[in-house]
Amino acid sequence: MKIVVGLGNPGRDYERTRHNLGFMVVDELGLRLTAGNKRSRFRATMTEAHVDGEKLVLVKPQTFMNLSGTSVREAVSWYKVRLENLLVVADDIDLPFGTIRLRAGGSSGGHNGLKSIFTALGSEQISRLKIGIGRGQGAATRQVLTRFSPEEERLLPYLVQAAADCVLDWNGNGITSAMNRCNRKLPGSPEARNPEPAVASGMVSSIDTEPRATEATLMQLAHTDSYSLAAYRRLASWWKRNRGQHDQR
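All you need for my numbering is the position in the sequence shown, starting with 1, plus 253.
These are computed hints drawn from the structure, not numbers from a lab. For clarity, every value in this text was computed on a predicted model and none was experimentally measured. Each residue gets a CB set at the ideal place from its N, CA and C atoms; glycine is no exception. Hints should not be assumed to be uniformly reliable.
[Said to hold, decoys possible] The calculated DSBU-like cross-link candidates involving lysine-lysine, where the alpha carbons are at most 35 Å apart (straight line), are:
1) LYS308 - LYS368
2) LYS308 - LYS333
3) LYS291 - LYS368
4) LYS291 - LYS255
5) LYS368 - LYS255
6) LYS333 - LYS291
7) LYS333 - LYS368
8) LYS308 - LYS255
9) LYS308 - LYS291
[Unchecked claim] Distance ranges between label pairs, derived from CB positions:
10) SER430 - ASP266: 21 to 31 Å
11) ARG335 - GLY359: 11 to 21 Å
12) GLU268 - ARG292: 13 to 23 Å
13) VAL304 - LEU336: 29 to 39 Å
14) PHE317 - ARG400: 14 to 24 Å
15) GLU404 - THR372: 32 to 42 Å
16) ARG407 - ARG335: 16 to 26 Å
17) THR399 - LYS308: 33 to 43 Å
Build the full structure now, drawing on both the sequences and the hints.
This is the structure in structure tokens:
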């Protein structure tokens, strides 16, 4: 049995804000896995799914971000899950929009939801899937609560789907194997020339930088057996449809 926690804030005011990407990924997993009915438990919205005969518990804390640890601790205690079988999905303001990084441990990076969980569980050695939302121009506290730009919204479904792919890879193959696939760079993207941050398969780090190079890369990868092939194909198709708009900038 494993637990996947998606972080976010409850309520309509926060729907589809950058800070709620964790919620979006858990919702995608619930739909994809045809999970059972949602229940309110552990101060969270949770549901159970089965993957290859093993239970996967999907949890969305409803305590607001800064108190997420209270909910996660209750879920971990109830299911008696070891910390290595817990994965937290969260946004990351220090990663450009469209990047994904899977890590086995480390600090919270200033993310209050992660910080709350690490404090509640007494450990930072907890796997987390971080999804880049971009720092923007304003204060971090404001940026995380903003909504995505129209262009980011177009790519958001593919970003969420690719993140869900990484979660299922972690669930089925373990953290090391999943990291090898999720934490790689797309050749031709700006991050391929810069060692940080890593870019997950199926993702582009910036939709308004070098569109021709990015499109060519995606089109090439769409015809390989690369990880998250469906995401590559969707993004390649998106670039092909919108190429003219970017070339005119």
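Among the hints numbered above, which are violated by the structure, and what are their numbers in rising order? Hint check: 10, 13 and 16 fail, others pass.
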